[in-house]
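Protein sequence lines correspond, in order, to chains V and Z. Count the first sequence with this note's numbering and you get residues 1 to 288, in order. Count the second sequence with this note's numbering and you get residues 289 to 497, in order.
If a hint is listed, it holds; no wrong ones were tucked in.
Pairwise CB distance ranges (calculated):
id : chain 1 : residue 1 : chain 2 : residue 2 : range
1  : Z       : 422       : V       : 89        : 46 to 52 Å
2  : V       : 162       : Z       : 488       : 35 to 41 Å
3  : Z       : 409       : V       : 265       : 36 to 42 Å
4  : Z       : 432       : V       : 46        : 32 to 38 Å
5  : V       : 88        : Z       : 480       : 50 to 56 Å
6  : Z       : 409       : V       : 211       : 31 to 37 Å
7  : V       : 162       : Z       : 429       : 30 to 36 Å
8  : Z       : 358       : V       : 230       : 27 to 33 Å
9  : Z       : 432       : V       : 270       : 26 to 32 Å
10 : Z       : 456       : V       : 162       : 23 to 29 Å
To be clear, the hints were calculated from the coordinates, so they are not data collected in a lab. For clarity, every value in this text was computed on a predicted model and none was experimentally measured. Each residue gets a CB set at the ideal place from its N, CA and C atoms; glycine is no exception.
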Amino acid sequence: MIGAGMSMVELHEFEEEEELPAWSLPADAVDRIRVPVTLPEQVTREWAWGGSTGAGVRVCILDSGVELDHPLVGRVDRSVAVLRDEEGELHVVDDTKGDLCGHGTACAGIVRALAPDVELTSVRVLGAGYTGGGEILLRGLAWAIEQGFQIVNMSLSTTRTKYVERLHELADRAYFRRVLLVASAHNMPVESFPWRFASVISVGSHEEPEPLTFYYNPSPPVEFFGRGLDLDVAWLDGGTLRCTGNSFATPHIAGICALVLGKHADLTPFQLKSVLYQTASNAAGGGA
Amino acid sequence: MSDLEAAVAAGVLGADEAHRSLLQATVEVARAIFGAKAASVFLLDEEADELVFEAVAGEGEGELLGMRFPAGTGIAGWVLTTRQPLIVDDLSADTRWSRSAAESTGYVPKSMMAVPLLAEERALGVLNVLDRPAESRVKLREVDLLGLFANQAAIALDLLQRARRAREALAGEGRLAPLARVAARLEEGERDTAFELLRALERVLTEQS
Chain V
1 MIGAGMSMVE
11 LHEFEEEEEL
21 PAWSLPADAV
31 DRIRVPVTLP
41 EQVTREWAWG
51 GSTGAGVRVC
61 ILDSGVELDH
71 PLVGRVDRSV
81 AVLRDEEGEL
91 HVVDDTKGDL
101 CGHGTACAGI
111 VRALAPDVEL
121 TSVRVLGAGY
131 TGGGEILLRG
141 LAWAIEQGFQ
151 IVNMSLSTTR
161 TKYVERLHEL
171 ADRAYFRRVL
181 LVASAHNMPV
191 ESFPWRFASV
201 ISVGSHEEPE
211 PLTFYYNPSP
221 PVEFFGRGLD
231 LDVAWLDGGT
241 LRCTGNSFAT
251 PHIAGICALV
261 LGKHADLTPF
271 QLKSVLYQTA
281 SNAAGGGA
Chain Z
289 MSDLEAAVAA
299 GVLGADEAHR
309 SLLQATVEVA
319 RAIFGAKAAS
329 VFLLDEEADE
339 LVFEAVAGEG
349 EGELLGMRFP
359 AGTGIAGWVL
369 TTRQPLIVDD
379 LSADTRWSRS
389 AAESTGYVPK
399 SMMAVPLLAE
409 ERALGVLNVL
419 DRPAESRVKL
429 REVDLLGLFA
439 NQAAIALDLL
449 QRARRAREAL
459 AGEGRLAPLA
469 RVAARLEEGE
479 RDTAFELLRA
489 LERVLTEQS
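Given only the sequences and the hints, what does the whole structure look like? Please build it.
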């Protein structure tokens with residue numbers, strides 16, 4: 001388990017970079033922590049993302065890679081891959097292979113269609129062989145959090161319980177660092193992660209054709225439903241493919257989150273979740 | 289589970305064939321329910337990092353069994369690694385995929401529903417439903433239905449693998465092979481004596497540990 005040990009060391013080093021924890025609040029410090037955004041009495045879609053194009057928001061696609069120069073994806077600011085060297089150690093390296101199966105490109109295209117001015121980064125954690133995928137996923141996610149992307153799209157999950165604790169730790173770390181994890185839910189009778197964690201935004205599919213239609217689910221663990229049925233998504237070789245799946249509902253919600261953060265950059269993940277809740281198509285703020 | 293327990297649980301003799309029939313029945317029902325041209329199950333061979341056709345109903349039945357291809361790429365590979373079901377309605381648009389499918393199987397499907405086969409925390413393979421009727425637009429209810437079939441296929445596949453492991457342990461150079469050969473050679477009366485001896489051995493081992 002070289003990979004597991006190494007990853008823990010990395011997380012530990014990462015932790016040491018943080019400032020000393022503040023577990024109490026002296027009276028003279030209150031002014032320093034005034035919060036920049038207060039939500040209006042009625043959050044509307046106009047308030048939430050009216051006029052936003054997602055400009056200034058950095059979105060990470062944690063997937064099979066993203067094809068460069070795809071007309072539906074446009075500019076990809078950076079592409080990296082998590083690769084294992086001969087000694088079995090994992091490294092995050094710049095990558096020119098694009099997308100190995102088409103799926104990451106599909107997710108990137110959906111985010112781009114909703115939020116045309118976001119910065120996209122691809123982290124390839126899938127497609128280079130099946131074995132050892134869990135360690136690669138964890139390493140890629142840790143890197144994305146370290147890089148401080150505002151949004152990480154995760155149209156994937158793992159069922160391996162041995163990764164759950166570390167995945168949970170990373171999800172909480174992301175939550176406190178304002179890295180929003182948007183993760184695909186799983187509609188099969190099996191437990192999988194990270195979408196079940198309360199610190200992420202979990203996404204299932206609805207059957208409607210409108211990309212900005214999304215619903216809050218009052219019976220979690222799936223918290224939101226996005227468009228996931230019969231989509232023409234970007235695919236390999238500059239093409240498109242008609243697909244269905246929660247994997248494609250997830251980047252719809254990620255794209256909407258990018259629009260909101262493009263307008264309200266200081267929102268925390270819990271505020272952003274509240275904004276989604278209040279602007280969902282089944283909520284009072286969902287119509288305008 | 290130990291090899292011997294697995295062997296006993298699987299019933300070993302004939303279990304392989306029975307579980308294969310169960311898997312075959314599952315893909316046949318899946319094909320019929322969705323009105324599809326074909327349905328198949330891929331088994332993941334983790335050591336070789338390859339997917340193997342383990343059951344096929346409809347188009348390709350007979351020729352495809354046992355055929356292998358790399359596990360990490362393509363739509364089935366993606367379904368396996370992400371653990372997410374995926375439905376694709378115009379496979380011909382995925383030129384790389386259709387070319388490789390045509391080369392390896394001689395049959396190029398137009399549409400595909402693929403769902404991972406999961407047993408507890410392991411991913412065992414992928415269930416595919418190919419070429420539903422063109423007029424049947426996919427609904428999310430179908431995805432849920434596919435998930436239920438996948439659950440059944442995963443159980444059958446899990447049993448099949450257990451039976452194979454048990455048979456391997458009891459055959460040829462397997463660890464339990466000498467035990468199986470001795471047990472098979474003994475006459476009825478001697479067999480009882482042999483098992484009495486084994487129980488005594490177990491007691492001694494238990495006391496020592």
